[in-house]
Structure formats: structure tokens, C-alpha cells
Amino acid sequence: MSRVLVGVKRVIDYAVKIRVKPDKSGVVTDGVKHSMNPFDEIAVEEAVRMKEKKLASEVIAVSCGPAQSQETLRTALAMGADRAIHVEISGPEYETLQPLHVAKILAKLSQDEKADLIIVGKQAIDDDSNQTAQMTAALLDWPQGTFASKIEKSDAGLTVTREIDGGLETVKTKMPAVISADLRLNEPRYATLPNIMKAKKKPMKKVSAKDLGVDLAARIKVISVEDPPVRQAGSIIPDVDTLVAKLKEGGHI
Amino acid sequence: MIKSIAILISNLNKTNIISQAKYTTSVLPQFSSEKYAVKRKNFGILKSADVEYFKSVLSEDRVLTDESDVLPFNIDWIKNCRGQSKIVLKPKTTDEVSQILSYCNKNRLAVCPQGGNTGLVGGSVPVFDEIVINLVHMNKIISLDDISGALVCEAGCILENLDNYVRDHNLIMPLDLGAKGSCHIGGNISTNAGGLRLLRYGNLHGSVLGIEAVKADGTVVDCLRTLKKDNTGYHLKHLFIGSEGTLGVVTKVAIHCPALPKAVSLGFFGVENFENLLKLYKSAKSSLGEILSAFEMADNKSISLTVENCKLSNPIGDYPFYVLIETHGSDETHDSEKLNRFLSQEMESGLILDGTVTSEPAKIKNIWHIRESIAGAGLINGYVFKYDVSLPLRNYYDLVLTLRTRVGDRARVYGYGHVGDGNIHINVSASKYSKELYAILEPFIYEEVAKVGGSISAEHGVGFRKPQFIHYSKDKTALQLMRDLKQSMDPNGILNPYKVLPDVPDIEKD
Ligand SMILES: Cc1cc2nc3c(=O)[nH]c(=O)nc-3n(C[C@H](O)[C@H](O)[C@H](O)COP(=O)(O)OP(=O)(O)OC[C@H]3O[C@@H](n4cnc5c(N)ncnc54)[C@H](O)[C@@H]3O)c2cc1C
Ligand SMILES: Cc1cc2nc3c(=O)[nH]c(=O)nc-3n(C[C@H](O)[C@H](O)[C@H](O)COP(=O)(O)OP(=O)(O)OC[C@H]3O[C@@H](n4cnc5c(N)ncnc54)[C@H](O)[C@@H]3O)c2cc1C
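Residue numbers (full-length UniProt numbering), protein chains in the order written: chain A, 1 to 253; chain B, 1 to 510.
Hints listed in this document are in silico derivations from the structure and should not be mistaken for laboratory results. Among the hints, erroneous ones may be present.
[As the list claims (entries may be wrong)] Across the chosen pairs, the derived CB separations fall in these ranges:
id, chain 1, residue 1, chain 2, residue 2, range
1, A, Glu-93, B, His-238, 54 to 64 Å
2, B, Asp-354, A, Ala-156, 30 to 40 Å
3, A, Glu-226, B, Glu-290, 33 to 43 Å
4, B, Glu-290, A, Asp-126, 28 to 38 Å
5, A, Lys-54, B, Asp-331, 42 to 52 Å
6, B, Asp-409, A, Pro-203, 47 to 57 Å
7, A, Glu-71, B, Ser-283, 24 to 34 Å
8, B, Lys-47, A, Ile-237, 23 to 33 Å
9, A, Ser-208, B, Glu-290, 40 to 50 Å
10, B, Asp-409, A, Val-28, 53 to 63 Å
11, B, Asp-354, A, Ser-208, 36 to 46 Å
12, B, Ser-304, A, Lys-172, 49 to 59 Å
13, A, Val-20, B, Asp-354, 33 to 43 Å
Keep in mind that this is a model prediction, so the values were computed, not measured. A virtual CB, placed ideally from N, CA and C, is assigned to each residue, including glycine.
Please model the complete structure; the sequences and the hints are all you need to start from.
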């Protein structure tokens, strides 16, 4: 039986249209709907399924971010995590927070909590870094199974099926280990009403990076955030008839 | 990354299912005129000189005469009706519409106005060789006043495009329906479409501010005001709302858009029986009050068939009935407090067996998507007989049960709809159209609806499929006044013939 630590990040909901701030210092987040990073939902789902199959004894959700990250943690608790740790980071520190900082926090917490498995999403849909799992594994010197589409537990450790270019790769790892969840690992559940209610009473601990001895000094400077280039103006053709006419006109058919 | 999120989104957002469903059978539907034994009226027959004239008014590429080009405009969305038109005209301006109609009126050529062709009663396709006037090119947005919320646009604008446009100005369209990606605002107005949020934002007779329409003789009737109040004379715009292309062609529209709600939440619940569902509705109205924006229901068969056919997943377990509740408000804390109180209370009372609630946009979209997919899901099995009726709430679900017994194992009968509006959609899904099943269903279903004082067509209209049943919901005097209006606005009867009003002998019969 293992204790699983799951990383959950609060990101702008993927159904929301992203807008760049007029001063190009970042994207507009005020008044914008956020939710749990979709890949982290998959990570939580996997951990909860392990618990349901009695392969895990406890699931701890961790989120690093501003006060509202607690909402994301509540979602994880409603999905079935047992308790939550909120590492409060806000303001300018949050703006320059990098995967390395998060990896250091997760590494430290996994030792404090005596976790033997860390599952995170393969990447967050906002910064698209795809580094946290790898860095956490390196810092702890644990084996890693990234881009997991299937996880099986055996006595010796884990068998992880990975999504790689052009196919699947199967690796075996010992425990403790770090896993990053890919899209096809599972389909996350919707939190049910009784579980949403119960989640409100589950324990949530708040710590600071300082408590964990992690230095959050900025390692990068954001120079400018820009909208992707507007695509070359094309003309929208109203229907197939016009398309055929235009193609004929241009001598393409 | 982009790839995987694209997959994620396409997995979750299979809007295409519906459009694919249209083409699952390659067999063409039978001609409506044969299927329903209709006689052609004495209209002119299209001659090559007529085609030349139309080409001189429109550019050549906006006059379709190739048989294969014209075919899709002859077949309706549920593939039940098929006309025999030889020509499709695609005007770009009101003036072009006016010239076409004036010519057709002089030459007694019948026409069929067409928007997105998503109508469900066969009104949008010709019966014989009526000329199709499709408004797809009249798709310009003319103005938006973001203080009053008045949007002015051409009739061929697609509802979803308009909604995306006004959302950028913190407004929403006052109506929303499953066909939003294809239907035109002009089609919505001509059918007086109701949809998913009528409960909150009212129907189009309230939100349409003005209309520009072209009469049968080509006269452009300009009632395109953007005023909320205008009590000067008769309220003519209402004649075009819901008249299904029989009184004029709608060319421009002014519509009031409400403010974009800052806080949206959605709940999807399982309920034990219909009685509890009604109790839940009553409780939702009083507990959620002004923020309740939708109260939709679906029976177990509707959801299981949709989830299976459209390859979606049901967010909650298996329950006899499902309820979808949505709230639109301006303050998230206030709304969620209300919603939570309501939920805890009704979980405790047992009216809600289980369910989920969310305020995350992506999840909200996914759950709505399941509800919106029900309308098209049955088509994947072959053919769907669709009924759209208003019933007193206490009788709301009885008809589904009655029909199930009557139909037996010949087809699957399921019901879903807008409880808040007393409107249920009853679908009867079979592997193919059959006369036997048709005779079992009609006119039985209309008789049952009439018995309890319901409407045989709540929101889809009368179109081609229901004129002979209109008398179940409208008495002779009302029908006579409708006829008088039709006579005065379209004396030659060229606008969408064979639709809405039954032939005189038909009403004399009863
Ligand atoms: C998946 C699905 C879900 C639906 N859900 C709902 C719903 O929730 N509520 C609801 O009320 N309806 C619903 N409908 C039916 C609804 O009536 C149509 O979707 C829509 O309102 C019709 O718009 P359209 O542009 O497709 O019109 P069409 O289908 O092209 O035409 C409908 C009628 O209007 C006439 N017409 C169209 N444009 C004009 C014009 N510019 N001037 C004059 N006459 C015109 C046509 O002649 C025809 O009689 C649904 C349909 C589908 C396919
Ligand atoms: C103090 C005051 C405040 C007002 N405030 C408002 C306001 O806030 N908003 C507003 O819109 N108006 C307002 N009005 C005017 C408003 O039009 C009338 O008060 C009211 O709507 C008319 O009702 P009535 O029964 O008095 O009709 P009447 O004054 O008797 O008749 C008004 C018109 O309706 C016709 N009519 C009346 N009954 C019938 C019937 N049964 N069938 C056919 N035709 C009929 C009459 O022939 C006449 O043309 C106000 C008037 C007053 C005196």
C-alpha cells in the first residue's frame, strides 16, 4: 500500500478565450474562469482509482499558487483525494514560478509526507512546460514513467505504458517513483454531489515555500507575452459552390 | 501539446455527430408529394428565360441549377421530406430578394424561403418544384449597441456566430438551441424558435425589436427599429415571427441581447420518478428564483441512447430521469450560496438521488453537449418520428408511457425537453420510416394532446408536416383570420405553399 501525492495546478479553463494584457506582461486572469489543469484531473483520477483498488492507502493533493488554488484542491478532494496541501504562492513570485520551483516543493513534500508515488499531469495547458515530473524525479533520484497511458502495479513496482512518437513504450519502475499522466490514461470522473459536500470537510493544510525551505527567487524574467501572429488573410468561402467556382477560376481543377 | 489538447477538445465536443448523422443512410428519402399524397397547385413552371432573369439579378454562381447541387436544398434535416426544386437562389441583399419575389409573383412561380435548413417539420424544403431562396449569403452584422444590447444583422447570420460576436461585447443572444451552429437568425424568427433558455430570457416575440421583410409582391416592409418601446400602430413584426416563410421573407433583424452572465453554474442530477422531478422544478423556482436559466429533463432512454450513439460519457450514474439545471447570475458567491442551499436541501429530501454540479466552462459545455445531442442521436439508428408538444405539467410525461405501450417493440420511445416551458419532445426511433408505425402514431398523438388542452407543436412550428393537424390546437375562427392575413399579404399564395395553413376542405372535414 502506498501513499500517493498528486500535483494539481489551477489554470485558465480551456473553454475560455485567452487574452493578452495590453502591456504584454502576461495574460488576463482577473475575472477569468479557472479550473484544474485537465492533465492533473487525469492524475487525480488515477490516484483515486488506485485507492479504490486498494493499491494506495492515501491520496494527497498538492497545489502551489494563490489563495484560489484552494478551489482546485477542493475539486481534487471532491474527486476522492483524502487531504490537501496548499502551498501559498502569490503576486510576483507566482508570476515567475517555474517547474523547478514546483519540483523542489513536491520533492520536499513527498519526503515530509512519506509518499512513495507522485503523479502529476504531463504538462499544464497554460505554460506548456512539461518539466515538473522529470525534475521532481531527478531531485529525488527516483525512477520516472512519463506520458503514462496505463499504469499497473506489481509487487516489484510499476509497469507503465508510455505514449511516445509513433507508438507505445512499456517501462518497469521500482517504487518510489514519479509518473506523469497523458491524455489516454483514464477519463476523469465528475465529482458527485455527496462527494462535493464531503470535500468541504476534508483537511486542507496551508504551508509556505519558506516553511519547506524552497527559495522562490525568480530564475526567469518575462520580457513580453504576445498573441500568436494573425494568420495570413484568406478569404472565407461561403459554400462548396463558390469553392468549386474559385478553384475553377484559379485553374486548379 | 496543441495536438493533444485538440484531441481532448474534439473528444469532448463532438458537435459534428449531428451533421454526420444526416448522412448515415445513403438512401434518399421518398418525394414528399408521393409519401404524403399531395397535389401540385397551379403555379408557373420554371422556364429557361426565368433562369436567365435570375442570373441577371444575382451573379451566376448564386444561381444553382445542377441537379446534384440542388439536391441538399431539397432534403430536410431529419431526411423525412424531399422536394423537387430545380433551382436554388442565393441573394446577398434585400434588393435582390425583392427583385426575385416581384418577378416570381408576376409569373406565379412558387418559392420556398430557406435558412439553415434545420427545421424539423419540413417547412424549409420545397414540396414540388418551388424555387428555393436560401439566405446563407445575407450574413452581415450591421450594428451592435452595447449599451441597449440591440443587435442588427441580416437574416442569414448563423446563430452561433452571432452569439460569439456579442459575447465579445459582454452580451449573449437571447436564445440558444442544439442547431445553433447551422440555423439562421432569420430561420429562428420565422419558426419563433424557443430553445434552452426561454425560461429565463423569454420568447422571440419579446426579444425581437424590429424586422425588415419582403412581401410576396416584392415590397420591402421596413419595421427595423431598435426601440424597446414603440406603440405606433399595429405591431407588424409579430406577423413574421413564427409564420414560417408564408407571409414574407425576413431579410434583416433587430434583436435585444441580454447581458452576459458573470456567474454560470450547472447541475446534472438523477431523479427517481417524474413526480419527484416536478417537485424539484417547483422547489428550484422558489429557491433559485431569478437566477434559474434552464430546467431541462431527459428520461433514461434519451440519455442512454445519446451516450451510446454519440460516444459520449454520462457524467453520473444510471437513473430513471435526469434533470439539468442552469443558473445565470451576476455574483458567483451569491449564486453558489443559493445553489448549495438548494442542493443540500433536495439531496436530503431525496428529490435529487445523485448528480454533479460545476461552474467550470469546459465541464458546463460538455454536459450541455449531451443534452443538445439528444435531438440528433436517434437518427444514427435510422429514422426518428419527432413530436414537439406542449402539455400541462401534470400530464407532461404520461404521453411517453402511453406511446410506449402502443408502439411496443416496433421502436424506441423517449422523451426529453424544456420542463420550464411545459414543452416535451417525444422521439420515436426506428430503423426506418414505415407507414405502419406512422399510422400507429398519427393522429393518435395529436388527439391525446388535444384532450388535455396542449399544443400539437410547441416550438417547431407547423411546416409541411402538420397543417392537417393544426385544428387540434386552433379553432376555425383563428384559422379564418390566418387565411385572411395570408390572402392580403400573399394573394397568389406563392410563399411556401403546402405549409402551415391546411386547404379549406381539410378544416371543413372536422
Ligand atoms: C439539433 C436541433 C435542435 C433543435 N432545437 C430546437 C429548440 O430547442 N427549440 C426550437 O424552437 N427549435 C429547435 N430546433 C428546430 C428549429 O426550428 C430550427 O433549428 C431553427 O429555428 C430553424 O432555423 P433555420 O435557419 O435552420 O431555418 P430553416 O429550417 O431553413 O427554415 C425553417 C422555416 O422558416 C422559414 N424560413 C427560414 N428562413 C427564413 C427567412 N429568412 N424568411 C422567411 N422564412 C424563413 C422556412 O421557410 C421554414 O418554413 C432544433 C433543430 C435541430 C436540428
Ligand atoms: C396615471 C396614469 C399613469 C399611466 N402610466 C402609464 C405607464 O406607466 N405606461 C403606459 O404604457 N401607459 C400608462 N398610462 C396610459 C395607459 O395607456 C393606460 O393607463 C392604460 O393602459 C389604458 O387602460 P384603460 O383600461 O384605461 O383603457 P382606456 O383608456 O379606456 O382605453 C385606451 C385605448 O384602448 C381601447 N380599449 C380599451 N379597452 C379595450 C378593449 N377591451 N378592447 C379593445 N380596445 C380597448 C380604447 O378604445 C382606447 O383606444 C397611464 C395613464 C395614467 C392616467
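Now for the hints, and whether the structure bears them out:
no., hint, result
1, Glu-93/A to His-238/B: 54 to 64 Å, "holds, 60 Å"
2, Asp-354/B to Ala-156/A: 30 to 40 Å, "holds, 39 Å"
3, Glu-226/A to Glu-290/B: 33 to 43 Å, "holds, 42 Å"
4, Glu-290/B to Asp-126/A: 28 to 38 Å, "holds, 35 Å"
5, Lys-54/A to Asp-331/B: 42 to 52 Å, "holds, 43 Å"
6, Asp-409/B to Pro-203/A: 47 to 57 Å, "holds, 54 Å"
7, Glu-71/A to Ser-283/B: 24 to 34 Å, "holds, 27 Å"
8, Lys-47/B to Ile-237/A: 23 to 33 Å, "holds, 31 Å"
9, Ser-208/A to Glu-290/B: 40 to 50 Å, "holds, 42 Å"
10, Asp-409/B to Val-28/A: 53 to 63 Å, "holds, 56 Å"
11, Asp-354/B to Ser-208/A: 36 to 46 Å, "holds, 38 Å"
12, Ser-304/B to Lys-172/A: 49 to 59 Å, "violated, 40 Å"
13, Val-20/A to Asp-354/B: 33 to 43 Å, "holds, 41 Å"
Of the numbered hints listed earlier, the single one contradicted by the structure is hint 12.
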